[in-house]
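Going down the list, the sequences are from chains A and B.
This note's numbering puts the last residue of the first sequence at 354; the count rises by one with no breaks.
This note's numbering puts the last residue of the second sequence at 749; the count rises by one with no breaks.
Just so you know, the hints here were simulated from the structure itself, not pulled from any lab data.
Covered, in the sense of this in silico footprint (three residues per stretch, anywhere, with C-beta under 8 Å from a C-beta of chain B), are these stretches of chain A:
#, stretch
1, 38-46
2, 49-55
3, 153-159
4, 252-263
5, 303-317
Ideal Cβ placement from N, Cα and C applies to all residues, glycine included.
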Amino acid sequence: MAAISTGVYFRTYQRELALRHTKAQYVRLALIAVAAIAAPYLLDPYQLSILNTVLIAVVGAVGLNILVGFTGQISLGQGGFLAVGAFTSGLLTMRADLPAPLSIACAVVVTAAAGALFGLPALRLKGLYLAIATLASQEIIVFIARRWSFLREESGAPLGIERLQVGGYEITREFFEFQWYWILLACAVVAVLAARNLFRTGLGRSFMAVRDQDIAAAAIGVNVTRTKVIAFAVSSGFVGLAGALTAHYSETVTWESFTFEISILYLAMIIVGGLGSVAGAVYGAFFITLLPVFLNEFIGGVGEQVPWLVSRLPAIENAVFGLVIIAFLLVEPRGLDRIWQRIKDYVRFWPFRY
Amino acid sequence: MRHTRTLLVVAAATTLGLTACAPGGGGDDAADEDGPIKVGIIADLTGATGDVGTPYAAGEEAYVDWLNDNGGIDGREIDATVTDYAYDVPTAERVYKEYVNDGVVAVMGWGTGDSEALKSRVSADELPFMSASYAEPLTDPEEAPYNFVVAPTYSDQARVGLNWIAEDGKSSEVALFHNDSPFGLAPVADAQEWAADLDLNVEPYPMPAGSTNYTGLLSQAKKQGAKYIMIQNVSSPAALVAKDIKAQGLDMQIVCLNWCADELFIDTAGAEAAEGHVLVQPFAPVSAEQPGHEDVNAYLEENGSSLEKEGLHFAQGWYTMHAMAEGIRAAVEEGDLSGAGIKEALETMGAIDTGGVVGAGEIEFSADSHRGSTGTGIYKVEGGEMAPVELGVTP
Numbered sequence: 001m002a003a004i005s006t007g008v009y010f011r012t013y014q015r016e017l018a019l020r021h022t023k024a025q026y027v028r029l030a031l032i033a034v035a036a037i038a039a040p041y042l043l044d045p046y047q048l049s050i051l052n053t054v055l056i057a058v059v060g061a062v063g064l065n066i067l068v069g070f071t072g073q074i075s076l077g078q079g080g081f082l083a084v085g086a087f088t089s090g091l092l093t094m095r096a097d098l099p100a101p102l103s104i105a106c107a108v109v110v111t112a113a114a115g116a117l118f119g120l121p122a123l124r125l126k127g128l129y130l131a132i133a134t135l136a137s138q139e140i141i142v143f144i145a146r147r148w149s150f151l152r153e154e155s156g157a158p159l160g161i162e163r164l165q166v167g168g169y170e171i172t173r174e175f176f177e178f179q180w181y182w183i184l185l186a187c188a189v190v191a192v193l194a195a196r197n198l199f200r201t202g203l204g205r206s207f208m209a210v211r212d213q214d215i216a217a218a219a220i221g222v223n224v225t226r227t228k229v230i231a232f233a234v235s236s237g238f239v240g241l242a243g244a245l246t247a248h249y250s251e252t253v254t255w256e257s258f259t260f261e262i263s264i265l266y267l268a269m270i271i272v273g274g275l276g277s278v279a280g281a282v283y284g285a286f287f288i289t290l291l292p293v294f295l296n297e298f299i300g301g302v303g304e305q306v307p308w309l310v311s312r313l314p315a316i317e318n319a320v321f322g323l324v325i326i327a328f329l330l331v332e333p334r335g336l337d338r339i340w341q342r343i344k345d346y347v348r349f350w351p352f353r354y
Numbered sequence: 355m356r357h358t359r360t361l362l363v364v365a366a367a368t369t370l371g372l373t374a375c376a377p378g379g380g381g382d383d384a385a386d387e388d389g390p391i392k393v394g395i396i397a398d399l400t401g402a403t404g405d406v407g408t409p410y411a412a413g414e415e416a417y418v419d420w421l422n423d424n425g426g427i428d429g430r431e432i433d434a435t436v437t438d439y440a441y442d443v444p445t446a447e448r449v450y451k452e453y454v455n456d457g458v459v460a461v462m463g464w465g466t467g468d469s470e471a472l473k474s475r476v477s478a479d480e481l482p483f484m485s486a487s488y489a490e491p492l493t494d495p496e497e498a499p500y501n502f503v504v505a506p507t508y509s510d511q512a513r514v515g516l517n518w519i520a521e522d523g524k525s526s527e528v529a530l531f532h533n534d535s536p537f538g539l540a541p542v543a544d545a546q547e548w549a550a551d552l553d554l555n556v557e558p559y560p561m562p563a564g565s566t567n568y569t570g571l572l573s574q575a576k577k578q579g580a581k582y583i584m585i586q587n588v589s590s591p592a593a594l595v596a597k598d599i600k601a602q603g604l605d606m607q608i609v610c611l612n613w614c615a616d617e618l619f620i621d622t623a624g625a626e627a628a629e630g631h632v633l634v635q636p637f638a639p640v641s642a643e644q645p646g647h648e649d650v651n652a653y654l655e656e657n658g659s660s661l662e663k664e665g666l667h668f669a670q671g672w673y674t675m676h677a678m679a680e681g682i683r684a685a686v687e688e689g690d691l692s693g694a695g696i697k698e699a700l701e702t703m704g705a706i707d708t709g710g711v712v713g714a715g716e717i718e719f720s721a722d723s724h725r726g727s728t729g730t731g732i733y734k735v736e737g738g739e740m741a742p743v744e745l746g747v748t749p
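Could you put together the complete structure from these sequences and hints?
In structure tokens:
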């Protein structure tokens, strides 16, 4: 909450538990709501498609942040869990003829179960060792997706998914990005609200207690074993939702969309955005997804003057990506969220320093 | 409960209302104007298959340049944008969306993974798509109505290779070294099925990416008793296998398919290590001196290069672009420059002449099959050159 809490008094417990306390927070929320509603009318379909990708990333990043940022359980298995969500939803829609919303819900449950299963090593492992164990889960899941022909079409091509249709409501070619925007926005808002509220519950508090000091957490009555497994399940549930949305949005499921690089990308999102902050996961998802797009635009713009930049674009993208992560770790390890807090504090207290 | 229901109704009504006043979708206005005809090219210049992806993309660009210099299509230029996606499927998806938004009338792709991943989008967006992937599922108009494959499929190439092995008859054991990706896996199942009928046994071995030697894989193949190593990968790793075979003095014959059956394989492995290996290549190499090479060579010489220097993948890119351009030309003549119009033109226009460069010389699609050609050449490396063994072979 930082310094903004100063001078804010509560008369009731409900008021103290409220998500927002100041008028400024309500104004910002209103501005965000206006921007979210106006965005699809102001952006062209390509820009909207980027925004849609960001919204899926928001769901996934919030999920990962629950595990890494709030529970302190490092995970390099994000890509694998995204794949579980995508394949589950894809198969249920295409092979079992389940309506998309139902298959997406099933994907959330199945991925949560897979997350809990692969989270079992977390009961014995910590830090680097756990990271390697989750990396193994990523490799195992992707290996299965690569080799198991049941997860492909009969011809061997990746699983194709029909254009989304819910009841009489169908996504059309003309309004493809526009219609998806509202669906994805709704999912992202629900994910963010769910995560924000999760940390006001006993379970959420126990996640943070385990992160801060698991022995102390056990001493005050937190069941560390159960908490860690639930953290993996809850986090993976969010990731499964992101995977299922990816499948329906891109209308195909291929393991190539869920490689180890994707796991790193999501980890970068929460590092850059801010570990242990739901808003940070949102900022990170925006930043990391938009980084290559802006870089592409920038290099495209100066490409005529400096043609060698264009021919090295993917390498430059990787270099910038690495530099950004190093810069954040060095300058502001708590990410964009902390930078935003500091800006707010500065404005609030200006011209005084404290 | 009533409150929730009211909220749901309001949400549904709002969504419908918003859709009603939504802004227009991706512009395909370019198709209706008299300006340039936009085509998007998704290329691998720096990714895992960049060694062969770069000359292929250069060939596509060069064809567009040549065509525009020669009056374009009905006086309209082709405006082709090339974007490097570094063999990364999510990047290909992003680039594709950008092209759709820019109002392209067709897309030229590259790899199997991305072509297959984009298959559903391409078909829903009604955009003709030709890539350098010759995976069999892309030839079926029922499954991939907007994908067109100009050359014999990887499966057909593997079948031709296996027929040659069966005739050569040194051993019935074949090791199939493949890139560990959809591209590499594309012909595996079909090759195994075909081999069974020929009394051959095909064992697939995924090639670890970025490996500096393949002695481990070769020793596994040796244990299998394989005298033939069929390779479904690009030139650089295939050349490493040839070097390792030479270094270990193994009695093994490489049968390279398409993307390693080229001059780059010979140059990288060295003429000595490459000597005697067999190359199944549907695109005529420069040494075959086909009439279709003349335009390409003339263009290159004008620009200070030569086809000998650029290699057969340059001509491959050139003639794939040519096939699409001919489809666009036919669609313009029919007065329907839409994705569906180009698709119909490609299916009904008859054979597209490639001057002997692609397959048996011509590419022809129909509404029932988007397999443009089935004939492929078999070459053997002799004195650092691709010497023809048999041309226009079909399985």
